[in-house]
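Student: Modelling step: build the complete structure from the supplied sequences, incorporating the hints.
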Amino acid sequence: MCLAIPGKIKSIELQYGGAVRMATVSFGGITKEASLEMLPDADVDDYVLVHVGVAISKVNEEEAHKTFKYLEELGEIGELTDVDEYLPK
Amino acid sequence: MCLAIPGKIKSIELQYGGAVRMATVSFGGITKEASLEMLPDADVDDYVLVHVGVAISKVNEEEAHKTFKYLEELGEIGELTDVDEYLPK
Amino acid sequence: MKYMSEYRDPELAKKYLEEIKKTVTQPWSIMEVCGGQTHSLVKNGIIEMLPKTVTMIHGPGCPVCVTPLNIIDKAIHLALEENVILCSFGDMLRVPGSKKNLLEAKAEGADIRILYSPLEAVRIAEDHPDKEVVFFAVGFETTAPANALSVIHAHRKELKNYSILTSHVLVPPAIKAVIDDEESKIDGFLAAGHVCTIMGNSEYHPLSKTYEVPIVVTGFEPLDVLQGILMVVRQLEANKAEVENQYARIVKEEGNPEAQKMIHQIFEIKNQIWRGIGEIPDSGYQVRPEYGDFDAKRKFQIEIPEAPENPDCISGQIMKGLKKPFECSQFGKKCKPTNPLGAPMVSSEGACAAYYHFSGLVEA
Amino acid sequence: MKYMSEYRDPELAKKYLEEIKKTVTQPWSIMEVCGGQTHSLVKNGIIEMLPKTVTMIHGPGCPVCVTPLNIIDKAIHLALEENVILCSFGDMLRVPGSKKNLLEAKAEGADIRILYSPLEAVRIAEDHPDKEVVFFAVGFETTAPANALSVIHAHRKELKNYSILTSHVLVPPAIKAVIDDEESKIDGFLAAGHVCTIMGNSEYHPLSKTYEVPIVVTGFEPLDVLQGILMVVRQLEANKAEVENQYARIVKEEGNPEAQKMIHQIFEIKNQIWRGIGEIPDSGYQVRPEYGDFDAKRKFQIEIPEAPENPDCISGQIMKGLKKPFECSQFGKKCKPTNPLGAPMVSSEGACAAYYHFSGLVEA
Amino acid sequence: MQLQCPMPKLDFDVITLGHGSGGVLTNKLLDSGVFDVLSNPILDERHDGAIFQLEGKMAFSTDSFLVSPIFFPGGNIGELAVNGTVNDLAMCGAIPKYLSLSFIIEEGLKVSEFWEILIAIKGACEEAGVHVVTGDTKVVEKGKGDKIFINTSGVGSIHSKANISAKNIKAGDKIIVSGNIASHGMAIMSVREGLEFDSEILSDTINLNHTISSLLDSFGEHIHLLTDPTRGGIATVLKETAQSINLGIDMAQRDLPIDNQVASACELLGLDPIYVANEGLFIAFVDASIADDFLEALHKDENGANAKIIGTVTEEHPKQVIMESAIGGKRVVSMLPGEQLPRIC
Amino acid sequence: MQLQCPMPKLDFDVITLGHGSGGVLTNKLLDSGVFDVLSNPILDERHDGAIFQLEGKMAFSTDSFLVSPIFFPGGNIGELAVNGTVNDLAMCGAIPKYLSLSFIIEEGLKVSEFWEILIAIKGACEEAGVHVVTGDTKVVEKGKGDKIFINTSGVGSIHSKANISAKNIKAGDKIIVSGNIASHGMAIMSVREGLEFDSEILSDTINLNHTISSLLDSFGEHIHLLTDPTRGGIATVLKETAQSINLGIDMAQRDLPIDNQVASACELLGLDPIYVANEGLFIAFVDASIADDFLEALHKDENGANAKIIGTVTEEHPKQVIMESAIGGKRVVSMLPGEQLPRIC
Ligand code: SF4
Ligand code: SF4
Ligand SMILES: [Mg+2]
Ligand SMILES: [Mg+2]
Ligand SMILES: [Mg+2]
Ligand SMILES: [Mg+2]
Ligand SMILES: [Mg+2]
Ligand SMILES: [Mg+2]
Ligand SMILES: [Mg+2]
Ligand SMILES: [Mg+2]
Ligand SMILES: [Mg+2]
Ligand SMILES: [Mg+2]
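Residue numbers (UniProt numbering), protein chains in the order written: chain B, 1 to 89; chain D, 1 to 89; chain U, 1 to 364; chain C, 1 to 364; chain V, 1 to 345; chain Y, 1 to 345.
Don't read these hints as lab results, they were simulated from the structure.
The C-beta atom is built at its ideal place from N, Cα and C for all residues, glycine as well.
Any given hint could turn out to be false.
[To be verified] Cross-link-like lysine to any residue pairs, in silico, SDA-like; alpha carbons within 25 Å at most:
id, chain 1, residue 1, chain 2, residue 2
1, C, Lys336, Y, Asp272
2, Y, Lys319, V, Lys308
3, U, Lys323, U, Arg288
4, V, Lys308, V, Leu256
[Said to hold, decoys possible] Restraint ranges, calculated between C-beta atoms of paired labels, are given here:
id, chain 1, residue 1, chain 2, residue 2, range
5, V, Asp31, C, Pro305, 36 to 44 Å
6, Y, Asp31, D, Gly75, 39 to 47 Å
7, U, Glu327, Y, Lys9, 27 to 35 Å
8, V, Gly194, C, Pro305, 34 to 42 Å
[As the list claims (entries may be wrong)] Stretch-level coverage of chain Y by chain U, calculated; a stretch enters the list once three of its residues show a Cβ under 8 Å from a Cβ in chain U:
id, stretch
9, 140-146
10, 321-329
Tutor: Below you can see the structure in the form of structure tokens.
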């Protein structure tokens with residue numbers, strides 16, 4: 001349910017005298033408009049999750065790494081040394 | 001102007017409780033509906049002239065022959081003896 | 001078909017032609033008022049068969065040709081309304097408006113239906129209660145009763161979505177206008193048989209008398225036309241000016257009183273603009289105010305500015321018989337049936353189109 | 001794509017799977033609430049990779065599947081109105097109504113537009129002032145703010161021809177209903193990451209506590225799902241019952257307050273019928289009376305009698321995790337993706353469709 | 001010609017976009033048995049194209065068929081599509097062999113109607129002795145088509161005695177029309193909304209290839225040109241030919257064979273039959289020396305009973321077609337600017 | 001590929017019904033010079049069909065093309081129509097030679113657009129080395145078509161070394177895809193109303209015949225099957241093939257070549273690229289012994305730079321296509337019930 005994908009804000013346009021902020025969001029090179037009305041503090045270069053044309057969350061970069069480190073942190077897979085290769089570049 | 005062709009009334013149907021008389025008219029074998037509202041005395045087997053779906057005149061058989069006889073009657077073409085072949089059968 | 005095919009007999013036609021030749025002693029110009037007669041002349045090659053001394057002049061009797069530009073523009077405007085179904089006779093679709101014709105409007109998406117009868121349009125209105133159905137009611141006196149009848153039917157069925165966009169023209173005032181023109185050189189008239197079928201011949205007697213021209217009410221088959229021409233020529237040669245009825249198998253002296261009643265129930269006479277000719281007093285019909293709900297002009301109140309006719313088009317002079325199509329500078333050049341500048345180049349009844357086809361001009 | 005592709009790494013996936021296998025000591029049934037997670041499980045072949053002791057149960061989290069038959073019928077009815085443009089997300093078009101689906105209505109001539117966003121529908125309404133534009137607003141909490149926003153936009157633009165036909169469902173009451181079912185045998189839940197993105201996690205703490213089930217808010221990429229399963233399994237094995245957040249890169253504890261504001265501006269909570277399940281108290285949204293002009297249900301007052309669900313379809317039991325699709329007598333027989341008897345056979349998120357494709361049943 | 005084949009049982013009544021999507025529904029339609037009526041070894045390969053061998057020179061022709069209504073007195077769009085391309089190949093002097101068949105279906109078409117069309121296609125193929133060997137089915141959204149359009153293309157081997165080319169026409173050649181004119185167009189008119197009338201008029205759609213083949217057997221190179229006067233009617237084809245050969249054509253109205261009802265229908269609507277479409281008719285330009293024999297042979301053929309010599313090629317008035325009218329006048333026959341529209345004037 | 005030909009001067013801007021009526025306007029359109037771009041001696045005969053000779057075995061294929069919008073990133077419907085049939089012939093192992101070209105135009109189409117399409121057709125024909133030899137132009141009423149539909153049929157001579165047939169496929173055969181998947185379908189999506197997005201995605205429409213011909217030169221009978229995964233995408237073609245050969249196919253998601261933007265667009269709309277249409281792509285089933293050489297040869301070809309071996313034919317799981325997912329799981333690949341619709345779920 002609720003297909004939503006993360007993209008990077010390339011630019012922001014104000015509409016209705018500033019009442020509406022519309023972002024141009026890049027998803028792996030393609031771009032589409034998304035409303036920022038639900039993310040008042042999102043800014044250019046932020047990654048946001050977009051669902052049906054509306055940005056609904058800013059991606060938290062720090063938290064994003066945790067999935068790659070979770071097993072390591074469990075302390076149960078000592079051999080997991082190559083964790084860096086899963087990290088976003 | 002005013003394309004109109006003669007056809008023979010095959011049948012008559014009363015519509016709107018008799019207010020409207022519609023005829024099925026045969027034109028050389030094909031048939032089409034025509035209103036008889038402008039020809040109250042037209043009847044089955046009469047030839048009528050139909051224009052845009054409305055019968056506007058009953059064909060006068062007697063008068064119809066005159067075109068074939070006109071030259072003859074001018075008395076100026078004595079040799080016109082084969083007039084019968086132009087008459088409608 | 002009975003009462004048609006017999007009037008196409010080649011032998012008798014030859015005899016009529018011989019008789020015309022025998023009768024004529026000097027040049028005569030005869031106007032066939034009606035486009036249907038023009039059509040018959042052209043289709044049957046009669047013009048070339050007549051003696052050179054008899055010149056046929058093609059009159060204004062093509063309702064398609066004389067419908068004003070502005071009404072065509074209005075019809076196009078209405079047709080392009082999303083909510084409107086415009087119904088029309090087929091031959092109106094190629095008549096040029098100021099910017100386009102109905103066929104082009106159709107290509108743009110207008111819902112335009114070609115019908116055989118205005119009564120069909122009433123049926124369409126019944127079938128599409130959510131649409132406005134407008135019948136483009138053009139025509140001469142012949143068609144007026146049928147168009148009136150469609151209103152009577154719609155009224156009886158209490159339809160609120162049916163109306164007619166009228167452009168009705170009347171023949172006798174037009175004949176009068178043609179004769180009244182100073183340059184006019186018409187010696188006699190073939191009057192329009194089907195118009196007289198409705199209206200009778202009474203209006204022609206004063207015309208014939210006043211202007212001293214023979215008027216023969218004539219039919220449309222080749223023998224009809226030939227006989228009509230002969231009757232005019234005989235009067236001219238005998239220096240007579242009477243109303244004769246060649247088409248008595250169809251036309252009664254008094255016309256069709258029922259049809260006249262219907263016309264007068266729905267329509268009233270008004271001044272009318274004839275395309276290419278201008279306004280002629282008392283030469284048209286408009287819907288009576290009592291039936292205003294069925295009058296598309298009242299109902300939709302479309303204001304379309306009058307557009308100028310193509311200034312190179314001399315159709316008015318042609319329809320009055322003052323000029324021949326090939327005297328028009330545009331004839332066969334910019335103006336062709338595929339791209340008519342004026343209405344007479346549109347239908348095969350229009351004088352220009354008739355000449356164009358007849359002369360066999362061919363497009364590259 | 002950043003923040004997506006990384007979560008598809010095969011090596012790390014293998015390690016997660018090994019860790020799950022290592023961790024599990026007894027059979028567990030885990031429901032992934034969300035259809036997006038079902039889709040990910042199926043598309044990535046995760047179900048077969050899991051140890052046999054871990055059974056994934058596909059929850060009711062597919063808005064397409066749970067939209068009531070009657071609302072589908074209403075959408076179809078509206079779409080077939082000549083004056084209406086019905087806009088919808090693509091996946092609603094194949095969901096069976098009582099007689100046909102929206103695709104079939106489209107084949108009959110209904111003007112139905114597939115859109116990416118409800119904001120597009122507002123634009124269409126602006127562009128077609130002469131039409132009524134209705135957006136078929138289905139979805140869970142994730143989609144509710146966007147649908148609400150479309151009303152806010154339309155209101156700001158003073159559009160009189162825009163409305164939404166809502167069928168909004170809420171996840172926590174559904175989870176509660178699933179657990180409350182006597183026959184329920186679910187040990188833990190993967191909660192729907194995108195729903196929590198909007199609403200936050202607060203509603204899950206009492207659920208977890210009351211029913212003593214682990215609930216892990218989980219994302220949609222394979223590593224997300226695998227991590228989520230591992231986190232549930234670890235809790236179960238440790239006899240814990242807490243709310244954890246696997247998807248913290250997106251989901252904040254408090255959710256998105258702006259989005260919640262928009263929801264509450266436009267919608268109010270109501271009892272909602274879930275297709276195949278029945279009415280669940282306080283599990284849906286309806287448009288507040290203040291915005292009634294934008295509520296298609298109010299605006300069009302369509303009365304469509306409730307039609308019975310196909311009696312052979314056991315989709316309710318399937319969505320509660322009580323039965324597996326292949327336990328349905330119609331599965332793969334009368335009911336196939338080309339001819340779905342129930343909604344779970346429609347989208348690739350529906351449990352029945354997922355099993356159908358996964359099991360590789362092939363039509364003759 | 002239509003066989004009474006029972007339609008296969010299907011779980012869908014109308015064709016929808018999915019049937020053209022290339023997915024399960026497309027395969028379902030293809031596998032439904034609906035297309036089995038057209039089965040033959042080459043088609044059954046179901047590859048991207050058909051593979052076969054043709055000896056010697058070949059002809060290749062294409063036409064797309066759109067007719068409203070798709071079912072009309074005397075036939076339907078299916079047989080029209082087969083006969084149209086079969087006849088175009090025959091007009092090239094070819095023996096038609098293989099057809100391609102491509103449907104553009106507007107979603108919502110009833111499967112039962114599609115079936116009826118397929119049965120007509122099958123029947124027409126059998127009559128003509130041709131096989132559909134490759135095909136395509138596309139579905140367009142409602143309102144973006146008109147029930148069904150059919151394209152057929154075809155190939156055939158040129159008859160060994162054929163040498164058909166407008167270049168072979170010379171002054172004195174006789175022009176023969178194979179039957180009554182204007183039947184197809186008026187059959188369609190008779191069921192057009194707003195214009196319809198009751199009649200026994202049937203479309204003349206028929207395959208002409210066997211007729212042509214046996215005429216070629218007998219008259220070979222003396223047949224200079226064959227052409228089928230479909231859209232635009234005989235007038236258009238004659239005018240086009242006169243223009244392309246830079247010679248004139250003389251013809252007479254009284255020689256034109258026409259059915260009484262068709263003639264009456266033309267009067268009713270104000271249409272000129274020489275511009276009305278035909279489907280099962282051909283016009284032959286033949287050497288004057290064989291004209292009478294050709295006509296005699298044609299009269300014995302089931303498709304030529306009403307054949308007539310309608311005109312002569314002349315050096316006078318090059319590029320012009322002159323028709324003698326019913327009463328003996330002369331009239332220039334030109335092309336129309338567009339489709340003939342019913343007149344009131 | 002589009003030549004900058006100036007459009008002939010015409011006295012009409014849009015195409016109307018009259019242009020399809022067979023009368024003056026039809027001839028005017030034909031004579032306008034618009035079609036001169038396609039001129040060649042066979043076409044210029046303008047008879048009911050084309051006449052020519054082809055040696056040996058031949059292939060014959062047809063397709064109707066309907067695409068909305070008719071102009072899309074990377075091409076237009078004109079080149080699509082040429083390339084589509086050229087490629088279908090190439091898939092049969094044929095050297096495409098002659099095409100038929102049939103237009104169904106919705107009245108109102110701008111002549112300038114029609115011209116642009118014709119220029120694209122000309123360019124595509126030149127690229128492929130084929131000639132349009134016979135054609136047809138029909139016009140439908142507004143609202144009964146969708147701007148323009150094009151049918152092309154084509155014939156070609158079978159390559160002397162070709163022996164293309166699904167029957168030749170055996171277990172162990174390697175499956176090679178010639179380039180990036182899903183580009184055409186996503187190029188179209190990017191300009192679909194209500195779904196549009198900005199991207200550099202271009203349709204992959206291209207002619208494959210020269211590529212195929214040189215592969216046949218080198219690998220002849222070792223190429224067992226060639227097929228172009230158009231509608232329904234590669235999944236549908238592979239599934240159809242597996243069903244028809246009664247063998248299984250193993251493949252892996254990671255092996256599928258796909259452009260980044262195309263992949264992203266699929267994520268955005270929730271579409272699976274294996275079901276998205278391609279136009280300039282082919283799939284070859286080849287003998288394992290030559291698979292690497294075949295791939296190497298393809299990599300050197302301008303149309304094969306991104307070619308990859310994507311799967312293997314297996315005796316296991318007959319009729320099933322099994323795809324290994326990104327993380328190594330297994331998934332059954334089946335056909336979709338209809339066109340893929342964008343999802344929110
Ligand atoms: S030829 Fe054309 S421009 Fe000249 S008068 Fe006739 S209609 Fe007008
Ligand atoms: S298989 Fe079909 S009938 Fe059975 S539960 Fe699923 S959707 Fe319902
Ligand atoms: Mg309209
Ligand atoms: Mg609608
Ligand atoms: Mg193909
Ligand atoms: Mg052809
Ligand atoms: Mg043909
Ligand atoms: Mg195809
Ligand atoms: Mg032909
Ligand atoms: Mg093909
Ligand atoms: Mg193809
Ligand atoms: Mg053609």
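Student: Evaluate each hint against the coordinates.
Tutor: Results for each hint:
1. Lys336/C <-> Asp272/Y: Roughly 20 Å between the alpha carbons, so the hint for lysine 336/C and aspartate 272/Y holds.
2. Lys319/Y <-> Lys308/V: Roughly 62 Å between the alpha carbons, so the hint for lysine 319/Y and lysine 308/V is violated.
3. Lys323/U <-> Arg288/U: Violated: lysine 323/U and arginine 288/U sit about 37 Å apart, past 25 Å.
4. Lys308/V <-> Leu256/V: The given pair, whose Cα atoms are some 7 Å apart, holds under the 25 Å limit.
5. Asp31/V <-> Pro305/C: 36 to 44 Å: holds (37 Å)
6. Asp31/Y <-> Gly75/D: 39 to 47 Å: This hint is violated: roughly 58 Å between Cβ atoms.
7. Glu327/U <-> Lys9/Y: 27 to 35 Å: holds (28 Å)
8. Gly194/V <-> Pro305/C: 34 to 42 Å: holds (39 Å)
9. 140-146: holds (count 3)
10. 321-329: violated (count 0)
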